[in-house]
Amino acid sequence: MNLSQVLAQTRADINQQLEQLLQQRQAVAAPLNEAMHYALVLGGKRVRPFLTLQVGAICGAPTAMLQRASLAIECIHAYSLVHDDLPAMDDDALRRGHPTCHIAFDEATAILAGDALQTLAFELISEADAAVAPAQQLQMVQMLAQASGDLGMCGGQALDLSATGKALSETELAQVHIHKTGALIQAAVKLGVLCGSPAAQHYLADFDEFAYNLGLAFQVQDDILDVIGDTAALGKQQGSDVAADKATYVRLLGLEGAIERRDQLHQKALHALARIPYNTEVLEAFADHLLNRNH
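Counting from 2, one number per residue, gives the positions in the sequence shown under this note's numbering.
No lab work stands behind these hints: they were computed from the structure. Any given hint might turn out to be false.
[Claimed, not checked] Calculated pairs, SDA-like style, for lysine to any residue (alpha carbon to alpha carbon, straight line, at most 20 Å):
hint, residue 1, residue 2
1, Lys269, Asp207
2, Lys247, Ser163
3, Lys167, Lys247
With the hints as extra help, turn the sequences into a complete structure.
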């Protein structure tokens, strides 16, 4: 297996599907759809849809529903970034190497683009011709809603905003990131399982534990890269968390301590995968890749 080739092909496929998804929609307000396209298609590592597709393939999910689920999770992620960058939130000027959506368009259009991308996600996974049982489909809708809202990502963003300028314990910091970043990574993995066979769903807890540790380790690596990364490679301003007085793992544990914590979480993620009696080679390689990335 060549992971680089798998990742490149998956990104290309997802980008093509996202393009087609937006092209097929008859725009009521063209600037809104242009902003949606800008936020959704322009750049991105496609971490979450990759996880959905790989887990779903392992679990025997039907291709058409799996593709919809993978696009849905990316729509939620893109919406979260648009809103996260807004002046009232993190007030960022650069995302994926380009001006943030509210700068490229305007603040009102960016807010509406985020709203529209969020609802598009649920449109995708609730379509009537899904090749899964209605009960499975309802589970997917409910799980994604919980992961996106006050019990998940939005709750984490609220915790993050209230933590700015404060000294947090590691437990408090973990709570921020388990929700803000980890909830959607867990949702991406769980969507793949819920699309799959009833037999595969017996291992939902193991897949979820893998995703929980991967999501937290992913955020630790983000904190590390904010200190040692390069703006051009990151696609956003290096040192932005420090400048915004954000609570981070490097600030709490030091650089070496953060690296150690990332590696501990990485091993926990791999141990969870080892309990699943399927071929998880791609997921293991992807975890290695993700937690040793430079952007």
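Here is what the structure says about each hint:
Restraint check: the Cα-Cα separation between Lys269 and Asp207 comes to about 11 Å, which is no more than 20 Å; the hinted pair holds. Between Lys247 and Ser163 the CA atoms are separated by roughly 10 Å; this keeps the pair inside 20 Å, and the hint holds. Under the criterion of a C-alpha separation no larger than 20 Å, the hint pairing Lys167 with Lys247 is consistent with the structure, at around 8 Å.
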